[in-house]
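Sequence order for the protein chains is U and V.
The first sequence stops at residue 383 when you use my numbering, and every number in between is there.
The second sequence stops at residue 499 when you use my numbering, and every number in between is there.
Hints listed in this document are in silico derivations from the structure and should not be mistaken for laboratory results.
One thing to keep in mind: the hints can contain errors.
Some, not all, of what chain U presents toward chain V, calculated at C-beta under 7 Å [to be verified]:
#, residue
1, Gly35
2, Ser46
3, Trp222
4, Val295
In silico lysine-lysine, DSSO-like type, Cα no more than 27 Å apart, as pairs [said to hold, decoys possible]:
#, chain 1, residue 1, chain 2, residue 2
5, V, Lys393, U, Lys8
6, V, Lys412, U, Lys8
7, U, Lys208, U, Lys239
Quick caveat: nothing in here was measured; it's all calculated off a predicted structure.
Even for Gly, the Cβ is constructed at its ideal location relative to N, Cα and C.
Each chain, written out:
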Amino acid sequence: MRSVIRDKEALMAVSPSAIAAYARASGWTKAEPFGDHSDVYARRGSPEIILPRHQRLGDYASVVQRLIQVFAAVAETTQISLYRDLATADRDVVRVRAPDGDNGSVTLGDGAGLVQGAREMLLAAACSLGTPQPFYRAGANREATDFLSRVRLGQTEHGSFIITLLGPVVPPPIQRRLPLGPDEETEDDPIDRRITTRFVDALNAVRKATEDTLVGQADAFWKAVPLGVSANLCQGLVKTMEPFRLVDITLTWARTRPKPQVRDVVRFAESDVPVLRQAISSFSSGEPQRDAILVGFVRILSRDESELDGTVKLWTWVEGKNRSVSVVLGQSDYERALEAHKEHAAVVFRGDLERSGQRFRLLNPSVVDVIRDEPSPDESSAG
Amino acid sequence: MRPALDLQLKATVNLRRLSDGRHVSFPVKRRNYNLLCCDTQTPRLLVVLDLPSGREEWMTLTADELILRRRAYWLYLGGREETEQTSVTVRIPTTNLFDLEGLTELMDQSRQGRIR
Chain U
1 MRSVIRDKEA
11 LMAVSPSAIA
21 AYARASGWTK
31 AEPFGDHSDV
41 YARRGSPEII
51 LPRHQRLGDY
61 ASVVQRLIQV
71 FAAVAETTQI
81 SLYRDLATAD
91 RDVVRVRAPD
101 GDNGSVTLGD
111 GAGLVQGARE
121 MLLAAACSLG
131 TPQPFYRAGA
141 NREATDFLSR
151 VRLGQTEHGS
161 FIITLLGPVV
171 PPPIQRRLPL
181 GPDEETEDDP
191 IDRRITTRFV
201 DALNAVRKAT
211 EDTLVGQADA
221 FWKAVPLGVS
231 ANLCQGLVKT
241 MEPFRLVDIT
251 LTWARTRPKP
261 QVRDVVRFAE
271 SDVPVLRQAI
281 SSFSSGEPQR
291 DAILVGFVRI
301 LSRDESELDG
311 TVKLWTWVEG
321 KNRSVSVVLG
331 QSDYERALEA
341 HKEHAAVVFR
351 GDLERSGQRF
361 RLLNPSVVDV
371 IRDEPSPDES
381 SAG
Chain V
384 MRPALDLQLK
394 ATVNLRRLSD
404 GRHVSFPVKR
414 RNYNLLCCDT
424 QTPRLLVVLD
434 LPSGREEWMT
444 LTADELILRR
454 RAYWLYLGGR
464 EETEQTSVTV
474 RIPTTNLFDL
484 EGLTELMDQS
494 RQGRIR
């Protein structure tokens, strides 16, 4: 394909740092300043190039267009392909590749699953950076949701069916220390790079935990929680890959902050799905939902005569269904619950909601309020 | 990629000579003026060709000779403030001749990314 990019907005979207990073990575070195806005770069056996330092130049778009022509000719590739590289050179790029069914396309539902699953995986990885947990509630981590709000969905690509997620711009390091060691490089990295690194580490940990589980290490997933593995990450992965035989997840590191390897790839196959589902179930059942507010009707009360505390069963809406939640209450709260039960009044509870298999318990509970005017939807079944 | 110049070419039969004898003046429309003022990697120049008033005198083409009459002047406007006016009349030094010597000098300067 011999397309030439003339779209001014598309050309303006290529940043000077991305151009410089590409040139350096391709072997050009800075030779001399050019005015107070650009620098001349040279490479043996290649044309001299002049790289802009900022985007405020009146001819910035045509400068980028000329550079793309040179870079594409030297790299013996198309200008479109080169443009894609440049447009994402200052971002960490996640590519999720699934086999296409026909003509480079997938069904709408499968495509939506790829995007949604990839989003959930990134969010889970971001959540795990601060406090690794086996399960996260949506929106619990402000830093993570902020990161996600700055991730962009790129153009899909051919070569099976590929969706691209463009991470936020990764600025070049202020002072680069060489050689970069694997531990050293993350120390000074910006938060966005630490999250994308976490994303890859967590996926690799899932990959390993899946294999370890299959050879009998039942606690492999729980051991991987400190590396960022969670029910949410596994759920996103299942959502992404479920319709496909296999899925490759690639992270291409921003050239503005290069790593020793250009990209990392983690591959999953459909045979991994049952193990992942088991891990999700195990993680989800163990983690209480902190500070949950439950509104419902007290159905069964029980208290030994010798005890001050009593147990009630609360009929309420949990995880999309009406369920019974067991709540152990202190004396005064138990009395309030008892009154509410007699009056068929709704009760508002606060506490940590714990799931154990199909059963739910409210830990550290307290009665926040009693709503007396609402009739029970199911009075006949109240115990 | 260097040396290079971007030229805004204009021609006029009404090039005004100023009384100081060292400048000519030429009105430039706002859009062109602002494009010439902004910073660019490749220097942008205004080049104004001074034409005789009679159209038949502009160029003579025979088997023996090609004659272009009068000459052109150049002006670098980079770094000036943009304008909101409909047009700006610029003063061009008559020493800014756009001839072989002048063009060679301009190309030398453009090699460094700036026009003095």
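Outcome of the hint check:
1. Gly35: With a closest approach of 3 Å, the glycine 35/U hint holds.
2. Ser46: violated, 12 Å
3. Trp222: violated, 57 Å
4. Val295: Since the shortest Cβ distance to chain V is 62 Å, the answer is violated.
5. Lys393/V / Lys8/U: holds, 26 Å
6. Lys412/V / Lys8/U: holds, 23 Å
7. Lys208/U / Lys239/U: Holds - the C-alpha atoms of lysine 239/U and lysine 208/U are around 19 Å apart, at most 27 Å.
Violation of the numbered hints given earlier is confined to hints 2, 3 and 4; the remaining hints are satisfied by the structure.
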